[in-house]
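S.K.: With chain A's structure known, arrange chain B on it following the hints.
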Amino acid sequence: MNSKKTQLAYIIGISILILALFISITYGVKSVGLSDVIDAFIDSNSTDYNVNIVQARIPRSVFGLIAGAALSISGLLMQSITKNPIADPSILGVNTGASLFIVIGITFFNLQSKLSYIGVSFIGAIITALFVYKLASAGYGGPTPIKLAIAGAATSTALSSFVSLIVMPNSSVMTTYRFWQIGSIGGTSFDDIKLVLPFILIGIILSILLSNNLDTILLSEDTATALGLNVNRTKAIAAFSGVLLCATVTALAGPISFVGLMVPHIIRMVLCSNHLHLICLSGIYGASILLISDVLGRILGRPGELETGIMTAIIGGPIFIIIIRKAKVQSL
Amino acid sequence: MNSNTLIAKDIQAGYGQKNILQSVNIHIPENKISVILGSNGSGKSTMLKTFCRLMTPTAGLITLDGTPLSQIKSKDIAKSIGLLPQTSIAPEGIKVAELVSRGRYPHRQFMTGLNKDDYKAIEEAMEAMKITELADRSIDELSGGQRQRVFIALALAQETDILFLDEPTTYLDIAYQIEILDLLKELNKKRGTTIVMVLHDINLSTKYADYLFAMKDGTLIKQGTPSEIITEDTIRKIYGIDSVIIRDPISDSPFVIPVSAHDNYLS
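First to last, the sequence lines map onto chains A and B.
For the first sequence, position 239 matches number 239 in my numbering, and the numbering has no gaps at all.
For the second sequence, position 75 matches number 75 in my numbering, and the numbering has no gaps at all.
Extracted from the complex, chain A is given alone in its bound form (with noise of 0.2 Å):
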């Protein structure tokens, strides 16, 4: 049913994305116009200036979206498979779990490619998935919103007290730490994308030819099963996708809170439900909203520049918190 809301949603989408792509690449400590930009495609040898800023910012922004992208949709489908409108990423600790992770391979066991970390960051995420869920299913009435929330933060806390414990007497590690741990897709290369783009891809891929079984799933578990989906098989492909989606981001980006919470929020309650679409435009919009947060922390943080993950954080808190004043309905 494909409605000119949703045909609307698209046009929109994609126009604020490559608007957000353009700006992102010309827009920064030092701005650069449109003709730095073609020169910068037409001429990949150039020595001017201004070509290489654009040269130099391309990973970065190719990456914001990718990672955004990669956010927002590994959002959705944690909420999807939970039921729960304020899944995500962040909320559930995930993130925390792969930092700590991380933290630990760095420190000892001295990983340093990026693979190893995206391999941690995984195996990390997964773990505290898990044991969040199963800590919010506890008692009576299952894993509802704010138990979700709850059993989330308290896990993230104190995963996140072990990473101190683990980086502060460490000032080697701490120095790297410090930059991932804010998060950041500043300092990325071609290389780390062709790194993280596998892994991506699988999960996007993945979750997309889930996209009938997801539309089932969020019907009663009773209906779904009478209506012949194997409810716990998809359940755990779309976990194993959405945890390896932003597992992959935070490895290298470290982490980045909230855009997977907002973005498919927000497109469910103006488009409803047809998960093919919600996959898609969750993607297209949670690249867009990661790359303008990205501008704005150079905006806001001038001469230097915030973070990303303090960026989406500021736009994502105060809208979290109209989420969760609003799941009080408790459905999707």
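Hints listed in this document are in silico derivations from the structure and should not be mistaken for laboratory results.
C-beta atoms are modelled at their ideal positions from N, C-alpha and C, and glycine is treated no differently.
Be aware that one or more of the hints could be misleading.
Stated by the list, open to error - Far from chain B, by Cβ distances over 12 Å, these chain A residues were calculated:
#, residue
1, I23
2, P143
3, L165
4, N170
5, G317
Claimed, not checked - No more than 27 Å apart at the CA atoms, straight line, and that leaves these computed lysine-lysine pairs for BS3-like:
#, chain 1, residue 1, chain 2, residue 2
6, B, K95, A, K4
7, B, K75, B, K9
8, A, K235, B, K73
Said to hold, decoys possible - Computed, partial: chain A to chain B, Cβ under 10 Å:
#, residue
9, S220
10, L271
11, S273
12, L276
M.R.: For chain B alone, coordinates are given in the frame of chain A:
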């Protein structure tokens, strides 16, 4: 359209260690409306859940046209057996037509949109439940009775020959109850859909059912047409209460009047 013979042989089922169903044998009457009666905890819901494979029998066998359910692919079973569970939930703000379209899940191919057959089934299901004019409304705006009709339409869009309903009239006032049961009766007459329901209201059960199953402590104690099995004795056995049975002046089906302790009535 021959997949509608559903038989349970010696099935046992329960939660954890506790067996609720004790060796039940049932042949669901084809193209009829059956109602399962029983007190709370008698195992009627468990039986319905076992038929709809929400619970796996710990012993015994359920067969659909002679093939054990465990040997049929879940999506293929879903083309023959539909269910309206006790509580249905829907994503917030979803439109009625879209919600009904979710019933097409077992018929849809991997990664494809809705095709002509899907749209036809959705339309027919909405017509059967008289909700066509609600198609573009959001589910949140509907009354309890309308919502229940939408969820039944979802199960109808599944186009199954057998439909199970777990207390479809609970929480609805008498007008909605009659409305829903009338629509189900019509469905049964028009399409020959086999309907199996759990109902709490005995008198509505006798009015609408062709066949009754009476359960007590996880066993089937009686089965037959309402006139055959509804006696004061059966009611005492099922619910442990005294009653007087009269004839419903309209449908001539048995009508049960429970006896209260304050009635000063000696049976």
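S.K.: Against each hint, give a clear statement of whether it holds in the structure.
M.R.: Taking the hints in turn, this is what the structure says about them:
1. Annotated as non-interface, I23(A) keeps its C-beta farther than 12 Å from every C-beta of chain B; the closest such distance is 33 Å.
2. For P143(A), the requirement that its beta carbon stay farther than 12 Å from each beta carbon of chain B is met, with the minimum near 15 Å.
3. The Cβ of L165(A) sits about 41 Å from the closest Cβ of chain B, beyond the 12 Å cut-off, so the non-interface label holds.
4. In this structure N170(A) is separated from chain B by more than 12 Å, as the shortest Cβ-Cβ distance comes to about 47 Å.
5. Listed as a non-interface residue, G317(A) keeps its Cβ farther than 12 Å from every Cβ of chain B; the least gap is roughly 23 Å.
6. For the hint pairing K95(B) with K4(A), the CA-to-CA distance comes to about 14 Å; that is within 27 Å, so the pair holds.
7. For the hint pairing K75(B) with K9(B), the CA-to-CA distance comes to about 23 Å; that is within 27 Å, so the pair holds.
8. In summary, the hint linking K235(A) to K73(B) is supported, as the alpha carbons are separated by about 19 Å, within the 27 Å threshold.
9. With 10 Å as the threshold, the beta carbon of S220(A) comes within range of chain B, its nearest partner Cβ sitting at about 5 Å, so the hint holds.
10. Look at L271(A): its Cβ gets to within about 9 Å of chain B, closer than 10 Å, so that hint holds up.
11. Interface hint at S273(A): satisfied, since its Cβ lies 4 Å from the closest Cβ of chain B, which is below the 10 Å cut-off.
12. The criterion of a C-beta within 10 Å of any C-beta in chain B is met by L276(A), whose closest approach is roughly 8 Å, and the hint holds.
Consistency note: the structure conflicts with none of the earlier hints.
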